[in-house]
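First to last, the sequence lines map onto chains A and B. Mind the numbering: the first sequence is residues 10 to 238 in my numbering, read in order. Mind the numbering: the second sequence is residues 10 to 238 in my numbering, read in order.
What the hints contain is simulated information worked out from the structure, not anything from laboratory work. Incorrect hints may appear among the rest.
For chains that are exact copies, the list does not tell them apart, and a pair is met inside one copy or across any two.
To be verified - Simulated crosslink set (DSS-like; lysine-lysine; CA at most 25 Å straight-line): (1) Lys171 x Lys91; (2) Lys149 x Lys91; (3) Lys149 x Lys82; (4) Lys46 x Lys149.
Protein chains: 2
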Amino acid sequence: MNTSDIDLTQVRRTTADELFDQLRTDIEKLRLRPGTKLSEANVAQQYSVSRQPVREALIRLDNLELVQIRPQKATIVRRMSKSTIRQARFVRLSVELEIARRACAHYDGRLDEAFQENLNQQSACLETGIFKDFNRLDRKFHALLCEAAGCVDAIDIIDQCKAKVDRLCVLSLTDPSSAQSILDDHHRILESLLSRDVEQLCAQTEQHLQRLDATIDYVQQNHEDYFDE
Amino acid sequence: MNTSDIDLTQVRRTTADELFDQLRTDIEKLRLRPGTKLSEANVAQQYSVSRQPVREALIRLDNLELVQIRPQKATIVRRMSKSTIRQARFVRLSVELEIARRACAHYDGRLDEAFQENLNQQSACLETGIFKDFNRLDRKFHALLCEAAGCVDAIDIIDQCKAKVDRLCVLSLTDPSSAQSILDDHHRILESLLSRDVEQLCAQTEQHLQRLDATIDYVQQNHEDYFDE
DNA sequence: GTCTGCTTTCTACCATACCAGTTATTGTCG
DNA sequence: CGACAATAACTGGTATGGTAGAAAGCAGAC
Numbered sequence: 010m011n012t013s014d015i016d017l018t019q020v021r022r023t024t025a026d027e028l029f030d031q032l033r034t035d036i037e038k039l040r041l042r043p044g045t046k047l048s049e050a051n052v053a054q055q056y057s058v059s060r061q062p063v064r065e066a067l068i069r070l071d072n073l074e075l076v077q078i079r080p081q082k083a084t085i086v087r088r089m090s091k092s093t094i095r096q097a098r099f100v101r102l103s104v105e106l107e108i109a110r111r112a113c114a115h116y117d118g119r120l121d122e123a124f125q126e127n128l129n130q131q132s133a134c135l136e137t138g139i140f141k142d143f144n145r146l147d148r149k150f151h152a153l154l155c156e157a158a159g160c161v162d163a164i165d166i167i168d169q170c171k172a173k174v175d176r177l178c179v180l181s182l183t184d185p186s187s188a189q190s191i192l193d194d195h196h197r198i199l200e201s202l203l204s205r206d207v208e209q210l211c212a213q214t215e216q217h218l219q220r221l222d223a224t225i226d227y228v229q230q231n232h233e234d235y236f237d238e
Numbered sequence: 010m011n012t013s014d015i016d017l018t019q020v021r022r023t024t025a026d027e028l029f030d031q032l033r034t035d036i037e038k039l040r041l042r043p044g045t046k047l048s049e050a051n052v053a054q055q056y057s058v059s060r061q062p063v064r065e066a067l068i069r070l071d072n073l074e075l076v077q078i079r080p081q082k083a084t085i086v087r088r089m090s091k092s093t094i095r096q097a098r099f100v101r102l103s104v105e106l107e108i109a110r111r112a113c114a115h116y117d118g119r120l121d122e123a124f125q126e127n128l129n130q131q132s133a134c135l136e137t138g139i140f141k142d143f144n145r146l147d148r149k150f151h152a153l154l155c156e157a158a159g160c161v162d163a164i165d166i167i168d169q170c171k172a173k174v175d176r177l178c179v180l181s182l183t184d185p186s187s188a189q190s191i192l193d194d195h196h197r198i199l200e201s202l203l204s205r206d207v208e209q210l211c212a213q214t215e216q217h218l219q220r221l222d223a224t225i226d227y228v229q230q231n232h233e234d235y236f237d238e
């Protein structure tokens, strides 16, 4: 028996965990609007628990910058920070470009089939119109790029960047034609990768990520009250 | 009077804040070694406060992945994750390369004096041997690069990446000759920027950041017990 | 009508008590 | 002596009461 064995199961879910998840999705799906006051006692009563787990959940949300705890005053749902959004998008662009370069330099072709299958599934998805799956496949495509570049860890970074703009995307419509554009991008990106054309791949990656910019600008203009700065 | 004015002063420091800072620096300076058990009751007694603020501080440290709270078992100081370190370094490299490219494309020369002064101060620093200042000036140099690229926000990202490897650097010596190498790098980087030579600037940026890799490898090999994975 | 100062009410913060798991210890039995 | 089971000690999780501080409302003075 090695005492340094760590139990990684971590099955126990506390009340605070549940509350945290609940509040987090509520905030991210904008069911709780920026500026909403979240008092400990209030939330506790609402969910029929004591103030303590509420408090802990709020502390964790504060760390994620989803709420702002103002000691002795109030806890409110934060507005979205334009600068944070800018930063997340800058990081993602930088990372994806580096992925692109490394993929061109190191990719050995072993994922060709996986890429092909992924894109086929995306096509199928557009026909059935199930967008939830499309998002999953989109993520998978970028994960494959990371793997092709020999940076499997990098998908975590991309996920983190996406998480920071997620709340904002709820405000935009899911447009079938934009999904088609994304799929087209993916085809072009794969093509450039297969021909190891770094310049073209970088250009297309940049263009691909810029598709979101229009959406973001739109949302920021039409929901000014949800933003800081 | 606009009621939406938010008081940003946020002067109030709670007991939990103090504890958090204290424990955080203790962990980062390795005064608290990875694997150390931090029981709430224990810490509370040590600092003569109740368990409550201790608990809150620990939750925040858990979010930063500096400790791991295992419900009903124990809270321990986390080992450093090699994969997290890899990720942080990958992000930093990607970002600095993008900064380099943008700086070459957009820099208008208005920071020439600031760059020069910064490098002069770094030279002076090496002569006096005050390394604390050197770190500050090193950061300033990279901040200037961000500004030259028109991405002032990006320095925040770099700071975050640095924070994730900080704890590890405590284990290495501060070597005067390596500081000299860093300064030499900075001179070469500035030169490439001034001549708008993108390829060279990227190559030198990459080389510059790789200097830390040797240190990290060394630490990881000689302190295997401080790391995960 | 406006300003000032008090009071009331709300907030998050902290202390304490208790609970439910986990771990370590110890004592028993084969 | 060793395996194992009962139990004691300890862990973090939750509930609750009290406190200090901030905001809002109100009353009185000017």
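Hints versus structure:
no.: 1; hint: Lys171 x Lys91; in the structure: both (14 Å within a copy, 23 Å between copies)
no.: 2; hint: Lys149 x Lys91; in the structure: between (27 Å within a copy, 24 Å between copies)
no.: 3; hint: Lys149 x Lys82; in the structure: neither (44 Å within a copy, 36 Å between copies)
no.: 4; hint: Lys46 x Lys149; in the structure: neither (37 Å within a copy, 39 Å between copies)
The structure does not agree with the numbered hints 3 and 4 stated previously, though it agrees with the rest.
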